[in-house]
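There are 4 protein chains.
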Amino acid sequence: MSNRTLQLGMVGGGQGAFIGAVHRTAALLDGVFALTAGALSSTPDRARASGAAIGLADDRNYPDWRTMLDAERRRDPGQRIDAVAIVTPNDTHFEIARAFAQAGFHVLCDKPLVHTSAQATELIRVVRNTGVIFAVSYNYSGYPLVRQARELIAAGAIGRIRRVCVEYHQGWLATRLEASGQKQAAWRTDPARSGAAGALGDIGSHAEQLVACVTGLELESLCVDQSTFVPGRQVDDDAAMLLRFVGGARGTLTASQVCVGAENDLRLRVWGETGGIEWRQEQPNELRVAKLGEPECLLRRGNDYLGPAARSATRLPPGHPEAFFEAFANIYRGFGAAIHAGASGLEAAAQHDFPGVLDGARGVHFIEKALESARSDARWTAARFIPPA
Amino acid sequence: MSNRTLQLGMVGGGQGAFIGAVHRTAALLDGVFALTAGALSSTPDRARASGAAIGLADDRNYPDWRTMLDAERRRDPGQRIDAVAIVTPNDTHFEIARAFAQAGFHVLCDKPLVHTSAQATELIRVVRNTGVIFAVSYNYSGYPLVRQARELIAAGAIGRIRRVCVEYHQGWLATRLEASGQKQAAWRTDPARSGAAGALGDIGSHAEQLVACVTGLELESLCVDQSTFVPGRQVDDDAAMLLRFVGGARGTLTASQVCVGAENDLRLRVWGETGGIEWRQEQPNELRVAKLGEPECLLRRGNDYLGPAARSATRLPPGHPEAFFEAFANIYRGFGAAIHAGASGLEAAAQHDFPGVLDGARGVHFIEKALESARSDARWTAARFIPPA
Amino acid sequence: MSNRTLQLGMVGGGQGAFIGAVHRTAALLDGVFALTAGALSSTPDRARASGAAIGLADDRNYPDWRTMLDAERRRDPGQRIDAVAIVTPNDTHFEIARAFAQAGFHVLCDKPLVHTSAQATELIRVVRNTGVIFAVSYNYSGYPLVRQARELIAAGAIGRIRRVCVEYHQGWLATRLEASGQKQAAWRTDPARSGAAGALGDIGSHAEQLVACVTGLELESLCVDQSTFVPGRQVDDDAAMLLRFVGGARGTLTASQVCVGAENDLRLRVWGETGGIEWRQEQPNELRVAKLGEPECLLRRGNDYLGPAARSATRLPPGHPEAFFEAFANIYRGFGAAIHAGASGLEAAAQHDFPGVLDGARGVHFIEKALESARSDARWTAARFIPPA
Amino acid sequence: MSNRTLQLGMVGGGQGAFIGAVHRTAALLDGVFALTAGALSSTPDRARASGAAIGLADDRNYPDWRTMLDAERRRDPGQRIDAVAIVTPNDTHFEIARAFAQAGFHVLCDKPLVHTSAQATELIRVVRNTGVIFAVSYNYSGYPLVRQARELIAAGAIGRIRRVCVEYHQGWLATRLEASGQKQAAWRTDPARSGAAGALGDIGSHAEQLVACVTGLELESLCVDQSTFVPGRQVDDDAAMLLRFVGGARGTLTASQVCVGAENDLRLRVWGETGGIEWRQEQPNELRVAKLGEPECLLRRGNDYLGPAARSATRLPPGHPEAFFEAFANIYRGFGAAIHAGASGLEAAAQHDFPGVLDGARGVHFIEKALESARSDARWTAARFIPPA
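Residue numbers (the numbering used here), protein chains in the order written: chain A, 1 to 389; chain B, 1 to 389; chain C, 1 to 389; chain D, 1 to 389.
Next up, chain A with everything else stripped away, as it sits in the complex (with noise of 0.2 Å):
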């Protein structure tokens, strides 16, 4: 690893939190990154508070992005910033993203990418004109053995695809927790913060992401049937789908935050023609494969059987279990390799195997379409993807 440490500067994130410090943890535990300046809130004192805390030197710790924005780029190339981090609400990724993009910073940004397609357009005309390398922090593709899957799929190893079954259960919001002032639940079911879709775009999206990941299907039409089941909430907190995929394959999608008993169940189930795999993203560390007449197998992470994606995602021997941490950084990981590289634009994230813009611009689609679905009550809606032009 003799590549120089990536400045990486944050937008969002400050105190009290969640995803801000995952992020920091993840951009940092491989020493790819160096957290080197932040605008860590909407509020400028809270903001400066926050980078105080966790030790950003004075003079790059911003009271708010576009003053962030402004003084690194007036920094000398060496000593300014070489990527930022957006990790705000969802509302505010669009301009954010496009200022940081625009003025030539590489941009990792959290998932939804923005609220619609529009947004979505524009910020992939952005990446094409300036050549800057975007990722979006779909984490859950970081693992090992998500990669596996989708190497073994990639190889014919389960045959043509027939059925898809994707979930992603939690349980946290199946009171009215937003009334109690707490922060992620309270931006969370607020329309105007976290758009339209509740359930469905803050983990549904993560769904149809990893299916589309894993198995590379397209998605051709969905039907959906979504639900506000806490009383007072304001967006949906549950949702169910019908999927089907171009050339036939056939797939159910539930995104739910009222699960009691679940924590962060996110599943995957796929099979084809001559097999079957399966992994939870709460055991992560271990791929179920079966195939036609055969005992079911257990892959496990760090094994020299697992192949090269699986392989290299990995920094722990085998039993030495690796998690959530661990496969965040990956997506950071690939974005620092694909800056270290020189990769440019949209073909960076499939080179360098992390969620680009393309992958968030086909989830605000995912998006707009299931909700349009679900207003016409759960008539098959077309929802393929085209990338624009």
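Keep in mind that the hints were calculated from the coordinates and are not lab data. The hints are all genuine.
Which copy? The list can't say, so a pair holds if one copy fits it or any two copies do.
Derived DMTMM-like pairs (lysine to aspartate or glutamate); straight-line CA-CA distance at most 20 Å:
#, residue 1, residue 2
1, K291, D265
2, K183, D304
3, K291, E151
Dock chains B, C and D against the given chain A, drawing on the hints supplied.
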């Protein structure tokens, strides 16, 4: 158990039939029934040979069910069969069940009960008129921990139900097994014998009944995506559906026979306002129960902390696993108890805890409505079952 | 199955006895045996009442085993019992088994077989002289996947064995249950009836047999730590031991009845030079198999990839779980097959795959040596079993 | 976290060393420490190259630990390292640890601490005299649910302890890997570097510490069977032992590196008079707790129902799994907290919840006594550890 052993006759279940042997083992397990007569095949020679092989007395080893019915009704009351078990392919259930019931014999019939709601309504009428006891072998509801789940939910342990997820996945029809002459595959994929629904009827009907039994919810409407993945197959081998229940609960049901690696993977999860439960047929001695803010617990068969329904459905101490046969035998046990108790007609099933003709009729209605929705390309289809007056 | 149903008599197993009902269910499960005679209790009135309750014919419902033996041997050959099942407390096994065997009846006796090696040697002598078939109900070796494990190991699938870990943990005697009058606890903790060994004899003997059966290893020496944790208890309720096997393999065996939370937790793990296996009685339909450098696999009951021993011990398709009764019935099935085949004496057990009198004798020797080691304060004690010449 | 970041120096852990990178990741994970100096190899060139590769400043990238010690102590108090992490092979721990501690640097040393109890006693003396804080990286005790288990047991949740079962099974040394030149295998099987105990020292010592930490029991005596299964290997690769604890509890401990299929399978089960607990390192986010007469419960990391020790050792919400690095980091976190708090000497470990020099000394004593018992052919050997006065 000072009650006399009841005499059971059997129609179907001859050599090569899987389910016949299961019924015999289940019926005899507790000594409630003895098999004393049979017409074990639709082919007279095969019927006689099958009966001889399992030790039926020569004079009660009948060549066909009509002969059996005539002969048995002419025997003295204490010398004739008390009940008949009908384990033939689905297309013949109606005629046989009606004939025996009209003759005053108690009936236990395999599922799905019949092919049309009109037939089901006619059977209900016969049961009402004759007072015979009529059971349908939805065997999975015989598991002790299924009954515990039902009892917990009825007692409000998880609060008002919000979401139901039921899956029934098998992999044995992932290839065109029926083309090989395998008998089970052949009749189950032949619409003339199995009915218009393949996986939907064969296993989807079990899933529907499990939900109804455990949750007590009434289905309001459904939205179905049905598939035939194996080329050349004449019935569906895969179905997924969205469910809405009276009162606002939502659900998903998947039934597929092409899930490579799945064996007989029937699972039920139910979440309510304050808790959730999970049960899997392949690990039937365990029930997971979650409550808001508490650690998840594992309830295990045979323990004193279980309720009366689960405890009375058990034969062995904790840790001495019971399984498929015992659950199936619990259906026969309830059926036999109803006979011994002199119960009568439609009320007997609820009183003695076995699935009755109304459950069978509801299942037929479910299949009809599911097919109707599937043909409409996944449109919401009203599916509430109103028992005939 | 064109063989005639065999007549079984039973000694012990009257009202309130757990194991009697288990034996009856197991014996009858496949229709190999019918229960036609019995002396079900040591108390004549209770014996008669118990026999009546389960429907024994009045003239073969005997007040005591001697009467039964006399009466049955006077019946015509085709009208008498073929075999006797002895399910009494351990202290009476010897006398009853010897008497029936000497009279030419086949015997299936509960474990541990007898109290002393001298008694066991005498039974072996009787079997040699009379040629009767003698089975011992080490029921856990009847599980299909135990047989698969045995077959795999014999075929070299894990190489030469290095380490064995067998555990049999229960929790039901964690308190002084015997003081409450619970019948099972009372006799099992009474040295006059159960023998000098408590947990060691009751469950440790199963663990020893499981190891011997699956691995084929011969015990060379052992080193035992035995405990009585519950105050006032007269026998051990917990034992742990180190094992050395002929040829260099090592092992541990723990048998405890005070493990709160454990139900009937018998587990076996075996590691060899090139692989390992794991089996748990409470999940009996699954066998884990690991091989050097390969993913661990799960072998499941009922599949075609299993070997003949496992496949022939199975009644239901994959995913339709079998459990305790079916495994127990497999012992009866082998015993019955030996009778039908006209097998004879000591060779019958190996030929028809059931535990025989030599296994019973080895178990008695194991208990003696374990107690000897325990009394020496965990000194290595030679424990190799040499069958009497 | 307003405390300043502490400066950490590292001895050992250069290129090719597994554990060095683990320590660095763990130390830096929470930002408590920054790595500012190092002598990363015993070979000066390699040391310098390794330090450069991870970005050490040139003037603090030392060729050997003595140079580092001399140079760092000459730096101004605020400019020198606060603490040193010693991650060299075992044979060098003593000299290095003593030297740094005597110079007043806080020490975190890998396990097993040293080779002899005399060395351990000397280190204790130095800690007493200098007041430095001394941690030993028994990392498994850093898992939140290990701490929860400890807290539950201390609070009497399972009553007085009866039986302990601890296992540490690996399979990576099932073949003679050291002959291939694999660096980890080479030094761990070389008695000159690893000490006389192979598996016993490498992983058995972790097992011993886990038991001591969770149960609070003191070992009274042990009886050991030690094996070397792989031909040509110079140290044991497998050990099993019986344990007796002060107060009457009994236990078994197995430590083996030849269990094919096992990866890093450290498990602890403890049963007391009224309950039991089970924890597995490979599923570290879950703790099973059983109580007399109640269903078993699964306690999961991150939930509010856990006690303060578990909650304060956690970084992520429930269902977002934490694993090996985070547990390891918890040791560093406690060590750092003690430094920040100005704690001093032997008391610091208990006060700030990390394993200290007394734990290290107890571990050395355990290995000595285990070897003594093994050489006596599994005779009970007194093994109580009395900290030096």
